[in-house]
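S.K.: Can you make the complete structure from the sequences, with help from the hints?
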Amino acid sequence: MWIDRIIEHDPGKRLVAIKNTSLAEDHLHDHLPATADKPAMPLMPASLIVEGMAQTAGIMVGAVNNFREKVILAKISKAEFAADILPGMTLRYTATMDRIDEAGAVTRGIVEARTNDPGLGGDVWQSIGRINLMFSHVDQNMAGLEFPEENFVFGENFKAVWGASGLVC
Amino acid sequence: MLMTKDDIFGKVGEVLEEALGCDDDEITPEASLTADLGAESIDFLDIVFRLEKTFGTAEKPFKIDQGELFPENFMDNADWVQDAKFTDAGMAMLEERMPHVDFAAFDASREVVKVGDLITVQSLVEFVSRKLEGAG
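Respectively, the protein sequence lines represent chains B and Z.
Under our numbering, the first residue of the first sequence carries the number 1, and numbering increases by one thereafter.
Under our numbering, the first residue of the second sequence carries the number 1, and numbering increases by one thereafter.
The set of hints was computed from the structure by calculation and includes no laboratory data.
A couple of the hints might just be wrong.
[What the hints assert, rightly or not] Using 20 angstroms as the maximum straight-line C-alpha spacing, the simulated SDA-like pairs for lysine to any residue come out as follows:
{"hint": "1", "chain 1": "Z", "residue 1": "K53", "chain 2": "Z", "residue 2": "F9"}
{"hint": "2", "chain 1": "B", "residue 1": "K75", "chain 2": "B", "residue 2": "P42"}
{"hint": "3", "chain 1": "B", "residue 1": "K75", "chain 2": "Z", "residue 2": "L45"}
{"hint": "4", "chain 1": "B", "residue 1": "K75", "chain 2": "Z", "residue 2": "T34"}
{"hint": "5", "chain 1": "B", "residue 1": "K78", "chain 2": "Z", "residue 2": "D24"}
{"hint": "6", "chain 1": "B", "residue 1": "K75", "chain 2": "Z", "residue 2": "F9"}
{"hint": "7", "chain 1": "Z", "residue 1": "K63", "chain 2": "Z", "residue 2": "I42"}
M.R.: Here is the structure:
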């Protein structure tokens with residue numbers, strides 16, 4: 001999972017999750033490794049920040065139908081980043097619902113980071129990106145294709161994060 | 001107040017710029033969404049969502065039903081499609097269900113794989129215009 005904890009949920013409207021980055025994450029050692037000219041520069045890959053938002057927004061969308069629909073990320077409409085995310089920072093993903101119907105959903109998202117870096121304003125949340133996404137309710141939109149009965153989207157890891165939030169109605 | 005076709009063209013253009021990331025100079029009436037502007041199948045759902053938002057109001061929603069802009073599930077119907085080409089009945093079905101599309105140049109080839117290319121910027125303008133007038 002690319003979110004650690006859900007901290008707020010206004011059903012069908014808004015979901016907020018956080019992720020703590022850590023040097024214990026192996027992938028940060030490969031992104032970016034040291035070269036002959038430069039020391040290692042561990043950064044959270046932007047693609048994984050998008051995945052974190054997709055999970056945040058995807059849970060918000062899935063919860064509307066009590067996770068019965070298979071919610072697939074269909075399109076990244078916008079992804080803008082204004083700052084690098086380094087180990088030790090906390091990310092806060094806030095997803096809001098733009099629309100949802102039987103075909104799918106459109107979400108807007110803001111990514112903020114808390115750095116504790118005095119040079120970056122100290123202990124405050126700073127907006128570092130916007131990610132707008134589109135989701136498809138896959139069983140409704142892929143005419144002619146068959147998918148497994150079980151909901152392969154919302155598996156055990158999703159359920160664990162959802163259950164740990166303490167926000168389950 | 002009814003919108004003119006120019007007004008609709010302007011708004012459809014904005015929708016396509018947002019949904020497909022294309023430049024405004026690429027958006028000409030003849031431009032095909034798939035062949036010229038690079039739209040993929042999922043983009044059509046995005047475009048439908050954006051058209052509904054752009055042209056709908058709280059008093060008068062602009063709801064586009066599934067299959068309304070582009071018919072679905074015609075491939076398996078042998079009355080409509082044979083040897084990957086539309087039959088006469090298939091062409092009649094298309095013309096009935098897609099009055100916003102100009103089929104004049106398509107009648108010669110009738111190739112199923114090319115039918116998506118017929119959705120042009122102008123056909124979207126026609127589609128919106130007909131719906132706003134209550135004909136669609």
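S.K.: Compare the structure with each hint and give your call.
M.R.: Evaluation of the provided hints:
1. A hinted pair counts as satisfied when its Cα atoms are at most 20 angstroms apart, and K53 of chain Z with F9 of chain Z qualifies at roughly 15 angstroms.
2. Of the supplied pair hints, the one linking K75 of chain B and P42 of chain B is violated, its CA atoms being roughly 28 angstroms apart against a limit of 20 angstroms.
3. For the given pair, K75 of chain B sits about 10 angstroms from L45 of chain Z by alpha-carbon distance, which is consistent with the 20 angstroms threshold.
4. At most 20 angstroms may separate the alpha-carbon atoms for a hinted pair to count; K75 of chain B and T34 of chain Z meet this at roughly 16 angstroms.
5. Between K78 of chain B and D24 of chain Z the CA atoms are separated by roughly 18 angstroms; this keeps the pair inside 20 angstroms, and the hint holds.
6. Distance restraint check for K75 of chain B and F9 of chain Z: the Cα-Cα separation of roughly 25 angstroms exceeds the 20 angstroms cut-off, and the hinted pair is therefore not satisfied.
7. Using a Cα cut-off of 20 angstroms, the hinted pair K63 of chain Z and I42 of chain Z holds, with the two alpha carbons roughly 18 angstroms apart.
Hint check: violations occur at hints 2, 6; the rest are consistent with the structure.
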